[in-house]
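Protein chains in written order, with this note's numbering: chain A, 1278 to 1659; chain B, 32 to 307.
Since the hints were made in silico from the structure, they are not lab data.
Hints are not guaranteed to be accurate.
[Said to hold, decoys possible] For each label pair, taking beta carbons as the anchor points, the in silico distance ranges come out as:
id, chain 1, residue 1, chain 2, residue 2, range
1, A, Gly1552, B, Ser131, 44 to 52 Å
2, B, Gly281, A, Ser1308, 55 to 63 Å
3, A, Ser1331, B, Ser131, 17 to 25 Å
All C-beta atoms in this analysis are idealised placements derived from N, C-alpha and C, irrespective of residue type, glycine included.
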Amino acid sequence: MLNRYDPAQNERKRLRGAALEIVGLTKRYGSVTAVEGVDLRVAQGEFVTFLGPSGSGKTTTLMMVAGLQQPTSGQMFLDGTPLEPLPAHKRNIGVVFQQYALFPHMTVAQNVRFPLEMRRVPKHEADRRINEVLRLVDLATHHRRLPAQLSGGQQQRVALARAIVFEPSLLLMDEPLGALDRKLREQMQTEIARLHKELDMTVLYVTHDQSEALTLSHRIAVFNYGRINQIGTPAELYERPRTRFVAAFLGDSCFLPGKVTRVSSEVAEIETAHGLLRGRNSGALGPGAAALLAVRPERITLSRHASGKADNNLAGTLQQIVYLGQSRKLIVRLGDGTIVSTLAPITAEDEGGFDPGDHVELAWSSRGCNVLTDDGEAKDAE
Amino acid sequence: MILGNAWRSLTPGAVARRIICGLTICYLVGPLIIVVVLSFSAAQFLTFPPTAFSFHLYRNLLDDPRWGDSFVTSVSIMIPTALAATLAATAAAYGSMRLSPRLAALVSGLILAPIVVPAIITAAAIYGLFERLQLNGTLAGLILAHTVITLPYVFITVSASLKAVDPRLEAAARTLGAPLHTAFRRVVLPLIMPAVLSGLLFAMVVSFDELVVSLFISTPEVRPLTVQMWSDILGDVDPTIAAISTLLLGVALFAMCGQHAVRLILRARNRIDGVA
């Protein structure tokens, strides 16, 4: 629901968030480069997620925007105003930290009051805003508790309340749900989505959890080795990954290596060990380039006999069937030993139909798979 | 009989452990008890056990102005020393957290030097320097010297406590609109307060107890209690020393209790805030 970002819809609400522009942002520690040449434009009210493995530079980028780390080079603009000259406390950017960073010696209300005190908000106005924001995060009865007396989820919500109570122009969240268990995470995801919609904030969100990124974001920036590997809507990234790293980090993919033989405007043909295969030319590759055909397990259909309807066909032996509840994973071994996983939903009438050892035909459409650059990153992603 | 049963149920190892612990305690506490008992002796010489008890040693203490004067001197050194050392060491501990690890090691090495370097060498060095600066025999000189000596104790206590404070708390305060000094005062300082206060008490005890350096740089006009005791014992063995030792013991006990009380009060305050 949140994924469809509609700027026109925001015009109708009270505008609060600012637009962020990052140009060539780089951070080096001695000879180590943590972030290299990050370019990014975030629109007013947009929810952008930085997704990537740990150490890929996403938190460092966030901390530079917050003003807690100094960039080696590059610029940042918030609604056109350069950020670098401003110290962290003058940026008016809310940050929710990993492990919340609540002040342990202050009560919930004192924690939330802190940013208002720093801004010299009159007491009655501060009281009103504290009440409002604590109601918003569903903690209206917890004013006088200490952080240590709250559950993880409640602490998380106090941290959120504290970061939004002063109406920041930008909200940064650094793996805010990392310390929560799965049930609570999902609950908090819904909560964050609701708050974002209600308050219409611009949000930068860091996570290494792909499902969190898919659920919450308008756009996802996939980080690896300090660079943005690819940026796009969740659907774009899932449907049209440009590199092996993105295809493997976001969802599952089977990779079949080969060499590009022919390219048309949309489709690239690739010569693999299993014959000619076709897919969308997502890596912008020319003939002769080493490439990978990446296909999602759920796009592959399995049958006993070749039908010839699809434009990609392979034959193999069913090796193993894994029951996953909602679906069934069928692992197929191709002639040369390559393993291809496929995913089939389980329906009410489902009888399975296949047994390990069966000869099976794999088929999928060229429109449901991608020919992309082999950046050799699949191992890091998994 | 009951005691016998309790002993019988113990393994030989446990029995040995208890005996060793008991002997150690006797060894450590025994002399203190003897001194306290002696201080109430009615005898003119230090003899144990005393044959009769009286307060005459304490009366000596009050009658002889040297003791009172040197006590006042000690206190007037101790209080400014403890305050200066606590201020400087807290600032140093906080600052050295921001240095590169190598530079931080150098800084803490320098600050801790008075503990590592033999006291007699520190004393001689300070004496030599103060001779040129004409600080020997002055209250300011003694305060300065004691500050250097007590600095490491506060530094160690506060550093340990600072390491336990999540650096993200200060970062959070800054993103919420607090300049660095406000972030320190409102967030970091309250969290390390128990350690700062323990450091302060520690510095007071160390300063009050210091002898070697004071011996070098004090004069009969400005003479702390420890130096007075030392010269007294060198001359004739005046049993008044037992009374003064007992008083010193009292000061140390008071400091320990004070530190404990600070912790209890801070903990209780948090609990009340939380429940209300």
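Could you see if the CB distance from Gly281 (chain B) to Ser1308 (chain A) stays within 55 to 63 Å? 60 Å, holds
Outcome for the supplied range 44 to 52 Å, where the beta carbon pair is Gly1552 (chain A) and Ser131 (chain B) | 59 Å, violated
Notebook entry, point to check: Is the distance from the Cβ of Ser1331 (chain A) to the Cβ of Ser131 (chain B) consistent with 17 to 25 Å?
Noted result: With Cβ atoms ~24 Å apart, the hint holds.
In the structure shown, a violation is registered for the earlier hint numbered 1 alone.
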